[in-house]
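2 protein chains.
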Amino acid sequence: MEQLKNESETELQNQSEAEMRDEKYMKEALKQAKKAYALEETPIGCVIVHEGKIIARGYNRRNTDKSPLAHAEISAIKKASKKLGDWRLEECTLYVTLEPCQMCAGAIIQSRIPRVVVGCMNPKAGCAGSVLNLLDVQAFNHQAEVKTKVLEEECSLMMKQFFRELRAKQKMKKKSLLSE
Amino acid sequence: MEQLKNESETELQNQSEAEMRDEKYMKEALKQAKKAYALEETPIGCVIVHEGKIIARGYNRRNTDKSPLAHAEISAIKKASKKLGDWRLEECTLYVTLEPCQMCAGAIIQSRIPRVVVGCMNPKAGCAGSVLNLLDVQAFNHQAEVKTKVLEEECSLMMKQFFRELRAKQKMKKKSLLSE
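Sequences listed follow chains A and B, in order. The opening position of the first sequence corresponds to residue 3 in this note's numbering, with each subsequent residue numbered one higher. The opening position of the second sequence corresponds to residue 3 in this note's numbering, with each subsequent residue numbered one higher.
Worth double-checking, as some hints may not be accurate.
If chains are identical, the list can't say which one is meant, so a pair holds when it fits in one copy or spans any two.
[Said to hold, decoys possible] Keeping only pairs whose Cα atoms sit at most 30 angstroms apart, straight-line, the calculated DSS-like set for lysine-lysine is:
| no. | residue 1 | residue 2 |
| --- | --- | --- |
| 1 | Lys81 | Lys173 |
| 2 | Lys177 | Lys81 |
| 3 | Lys126 | Lys81 |
| 4 | Lys80 | Lys68 |
| 5 | Lys81 | Lys36 |
| 6 | Lys126 | Lys80 |
| 7 | Lys29 | Lys175 |
| 8 | Lys26 | Lys171 |
| 9 | Lys84 | Lys126 |
| 10 | Lys68 | Lys85 |
| 11 | Lys33 | Lys80 |
Please keep in mind that the hints were generated in silico from the structure rather than gathered at the bench.
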């Protein structure tokens, strides 16, 4: 009985440590998202962790770089591959503040990342469970485990604030155009 | 009656011209695939056409560059965006010798390419109709028209020859290892 109690306590402790670890890295992804925000880009950030260390960071720079590939996840995957000298990122965990799009979910499968941690969901375009789940298609040669809603509120709030400000700016612009 | 005949003749002529154009650009994509072949990479090539001109070329360099992103289509999309100075490739046609994977199909949707021409299909992993059709998901904010099987035999033969040679090389290697 005592042994069972100890085992279940250890399990709980491990669970809570794993949760704290996921939150710690999601905070780092949020820091990246803030860099995108500062450039007036949709605030999405990503980090990739390998053996307990962040080996790559990325944030959305689509308009700044004028490239459809400049998503947070793609930038981070590019850097992680360079760091490890391999296109296979088989022992990595990818943390991203917003559910990946079809291209980024595809890149996760192509790079064989086994675990993905997501901040908030993207009901209109997300491909890790919302519109589709490209991370769990049995016909592909790889699937990734997905954990969602880690620091969901912080991630979601940042997006909401960004779009609120964007709408306000667009309204101001329209007004000033009309008064010219 | 005469007018109808002329109209249908013109239509046929336009159709055949469009087919010839598609074959012409697929030949250019095949030239790119040969570059991958020369590097012992799976021979996949791609070109992107804008206003009747090839504005970007790409070929598979996944092992050479040690990057999961170094697919033919991703390289070509990167170059095309740089050339046009825009992440939107809204007036482009993408030609690729093999049906795109989930990442590349995703990048086509993200870059809003309206038309994709495919050489041969990839029944095990293709995402333009085989495993999935990511180019025609109504829930996404963009869909692309797909034309398949253009110069299918040439594209398919190149793949078959590559994998035949690869198997032969692997057999030789195994033999030499066993005899050591």
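Checked hints:
Neither within a single protomer nor between protomers do Lys81 and Lys173 lie at most 30 angstroms apart by alpha-carbon distance, with minima of 38 angstroms and 35 angstroms respectively. With identical chains, the CA atoms of Lys177 and Lys81 are never at most 30 angstroms apart, being 43 angstroms at best within one copy and 38 angstroms at best between copies. Taking the closest pair of Cα atoms, Lys126 and Lys81 come within 30 angstroms of each other both inside a single copy (28 angstroms) and across two copies (29 angstroms). Proximity of Lys80 and Lys68 under a CA criterion of 30 angstroms is satisfied in both settings, with 17 angstroms inside one chain copy and 10 angstroms between copies.
In this assembly of identical chains, the alpha carbons of Lys81 and Lys36 lie at most 30 angstroms apart whether taken from the same copy (19 angstroms) or from different copies (28 angstroms). Within a single copy, Lys126 and Lys80 get their C-alpha atoms as close as 26 angstroms, and across copies as close as 25 angstroms, so both meet the 30 angstroms cut-off. Neither within a single protomer nor between protomers do Lys29 and Lys175 lie at most 30 angstroms apart by alpha-carbon distance, with minima of 34 angstroms and 48 angstroms respectively. In this assembly of identical chains, Lys26 and Lys171 lie within 30 angstroms of each other by CA distance neither inside one copy nor across copies; the values are 33 angstroms within and 47 angstroms between.
Taking CA atoms no more than 30 angstroms apart as the test, Lys84 paired with Lys126 passes between copies only; the shortest distance there is 28 angstroms, against 32 angstroms inside one copy. Taking CA atoms no more than 30 angstroms apart as the test, Lys68 paired with Lys85 passes in both settings, with 25 angstroms inside one copy and 10 angstroms between copies. Within a single copy, Lys33 and Lys80 get their C-alpha atoms as close as 19 angstroms, and across copies as close as 26 angstroms, so both meet the 30 angstroms cut-off.
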